[in-house]
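This note's numbering numbers the first residue of the sequence shown as 87 and each following residue consecutively.
Quick caveat, the hints were computed from the structure, so don't treat them as lab data.
Please note: incorrect hints may appear among the correct ones.
Unchecked claim - In silico SDA-like pairs for lysine to any residue, Cα to Cα no more than 25 Å straight-line: (1) LYS429 to HIS449; (2) LYS555 to ASP359; (3) LYS581 to THR211; (4) LYS564 to VAL118; (5) LYS487 to GLY430; (6) LYS366 to GLN408; (7) LYS545 to GLN372.
Said to hold, decoys possible - Just the calculated beta-carbon pair ranges, DEER-fashion: (8) ARG273 to LEU315: 42 to 50 Å; (9) LEU491 to GLU332: 53 to 61 Å; (10) ALA396 to TYR580: 52 to 60 Å; (11) SER437 to GLU495: 23 to 31 Å; (12) GLU511 to ASP560: 42 to 50 Å; (13) ASP367 to ASP115: 38 to 46 Å; (14) LYS561 to SER188: 22 to 30 Å; (15) THR196 to ASP170: 29 to 37 Å.
Glycine included, every Cβ here is placed at the ideal spot set by N, Cα and C.
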Amino acid sequence: MSHNIMFQGTGSTVGKSILTAALCRILNDDGVSVAPFKSQNMALNSFVTKDGKEMGRAQVVQAEAARVEPHVAMNPILLKPTSDVGSQVILNGKIHKNMTASEYFSLKKTFKEEIMNAYHQLEETYDVIVIEGAGSPAEINLRENDVVNMGMADMVDAPVILIGDIDKGGVFASIYGTVMLLEPEERKRIKGYIINKFRGDVNILQPGIDMFYEKLQLPCLGVIPYEPLKIDDEDSVTERFDRQEEAAIIIGVIRLPYMSNFTDFTVFELEDDVTVRYIKDEKDFQGIDLLVIPGSKSTIKDMAYLHNSAMKEGIYRAHRRQVPIIGICGGYQMLGDTIEDEKGVETAMSSINGLGLLHMATHMEEIKQTTQVKGRLLTTSPFGADHQHLLVGGYEIHMGKTELLDGCEPFIQLEDGRCDGAISERKDVMGTYLHGIFDNDEWRNLILNDIREKKGLEKRTDVDFAKEKDMEYDKLAKLVREHMDMDAIKEIIYK
87 MSHNIMFQGT GSTVGKSILT AALCRILNDD GVSVAPFKSQ NMALNSFVTK
137 DGKEMGRAQV VQAEAARVEP HVAMNPILLK PTSDVGSQVI LNGKIHKNMT
187 ASEYFSLKKT FKEEIMNAYH QLEETYDVIV IEGAGSPAEI NLRENDVVNM
237 GMADMVDAPV ILIGDIDKGG VFASIYGTVM LLEPEERKRI KGYIINKFRG
287 DVNILQPGID MFYEKLQLPC LGVIPYEPLK IDDEDSVTER FDRQEEAAII
337 IGVIRLPYMS NFTDFTVFEL EDDVTVRYIK DEKDFQGIDL LVIPGSKSTI
387 KDMAYLHNSA MKEGIYRAHR RQVPIIGICG GYQMLGDTIE DEKGVETAMS
437 SINGLGLLHM ATHMEEIKQT TQVKGRLLTT SPFGADHQHL LVGGYEIHMG
487 KTELLDGCEP FIQLEDGRCD GAISERKDVM GTYLHGIFDN DEWRNLILND
537 IREKKGLEKR TDVDFAKEKD MEYDKLAKLV REHMDMDAIK EIIYK
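Sequences and hints are given; from them, build the entire structure.
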């Protein structure tokens, strides 16, 4: 039997995912074989493992922090919202079916065996499993058949650390209220709490911690300072969309209602002279140097959104200004002439016109393509240099097949013999199914250095994405180790 510990929170975005990643890195640094686990994740940011399974991006971050290969057992259930009341259910890395929230809730107990099978796989390999909950354990309407918070803790007999976000305000009330709404047996599992995202002098906070202990005899195991980190977010509840920083180079990303895998753009945050601007209205197009249409979990709905908003005309104006445009996955499909969905894979709408910037047609299919791929670029670059034969890699997550028509050439020759993507005759519009394509240092440098040259900036090639990402995990671990009672945490783990 391996040891375990579980982070639960007073609500969403309090820092469960990032503190799970931090503890994974700290334990690995201390020579412990450790893996993350989250039984059920709801997010549009996902990843494809080496064996072609789909899992939540947060557990990939945590696996990377633990210095282990991401495996779908770390996230056996992934819910990808397709509407306000329904999701595509990914079970053990493959599509199970689309379900409404009520349907999934009624069937949730049937997934317990799958969850435990996944957990036992990790137990056989790792010494410690760091478990992440979801949302709050105090959602009393969801307590029945819970498989992700206290229900999960009970299934694997895990001690629980509760996390509260002081940046939101009311941290003591949220922790106290959460504990009081739990059943007595559930309260016994909580071994302490952590205050996250603290700004200021901790000495001023200490009297509150002391008074709180008189009301609820739980130790404070850490006060973690607020620190912006260049690490992937779990889902669309992120501060990234509202950041207002400006830099010499501005990359505009269309903020689609069903945008998925905005993790494709995390790498740009490591470039000191680059900012990513998530475009919400017409004025946001001003001054952009590159326009990206991102992935989408509901391509046809997002295409309808573009048609019915000022965003479409903003895209066309950027094109007329000769701003290069790149589409990723669903964004690639939107660049074409038409998107057909005769089988109702995504929506009851059988077809919709695309943006018409690439001469191609996409047909939705019921079988999802999930695979990691590598390939070589086939065509000369729109970015001021010949990039033909440049090696790139990434991963595919899509349910459509795209047919290139006259005047449109493929973009990448994949190692498995297929071609991917398309590029226009003018070489100023291109698309690909490859998520993570900007993580390829040589390709990203080619794009950015062409923009730098046009703007009279010095060319650079100093960002090694894999190395910089690992340094962010080290920075996170150092921050948390310094402000969390690691002796107490280890005592809880090895109870």
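Distance restraint between LYS487 and GLY430, which requires alpha-carbon spacing of 25 Å or less:
Status holds; Cα separation ~15 Å.
Given the hinted pair LYS555 and ASP359, is their alpha-carbon gap at most 25 Å?
Holds, at roughly 17 Å.
Using the beta carbons of GLU511 and ASP560, state whether their distance is inside 42 to 50 Å or not.
At 46 Å between Cβs, range holds.
Is the Cα-Cα distance between LYS581 and THR211 25 Å or less?
holds, 20 Å
Pairwise hint evaluation, GLN372 against LYS545, where the allowed Cα distance is 25 Å at most
holds, 23 Å
Please work out if LYS564 and VAL118 have their alpha carbons no farther apart than 25 Å.
holds, 16 Å
Could you tell me whether the CB distance from SER437 to GLU495 stays inside 23 to 31 Å?
holds, 25 Å
Could you say whether the range 42 to 50 Å given as a hint is met by the Cβ separation of ARG273 and LEU315?
violated, 32 Å
For ASP367 and ASP115, compare the CB-CB distance with the range 38 to 46 Å and indicate the outcome.
Distance hint for ASP367, ASP115 holds at roughly 45 Å.
If I claimed the Cβ atoms of THR196 and ASP170 lie 29 to 37 Å apart, would that claim hold in this structure?
violated, 24 Å
Taking the beta carbons of ALA396 and TYR580, is their distance inside 52 to 60 Å?
Distance hint for ALA396, TYR580 holds at roughly 58 Å.
Quickly compare the C-alpha distance for LYS366 and GLN408 to 25 Å and report which way the hint goes.
Since the Cα atoms of LYS366 and GLN408 sit roughly 21 Å apart, the hinted pair holds (cutoff 25 Å).
When each numbered hint is compared with the structure, violations occur for hints 8, 9, 14, 15.
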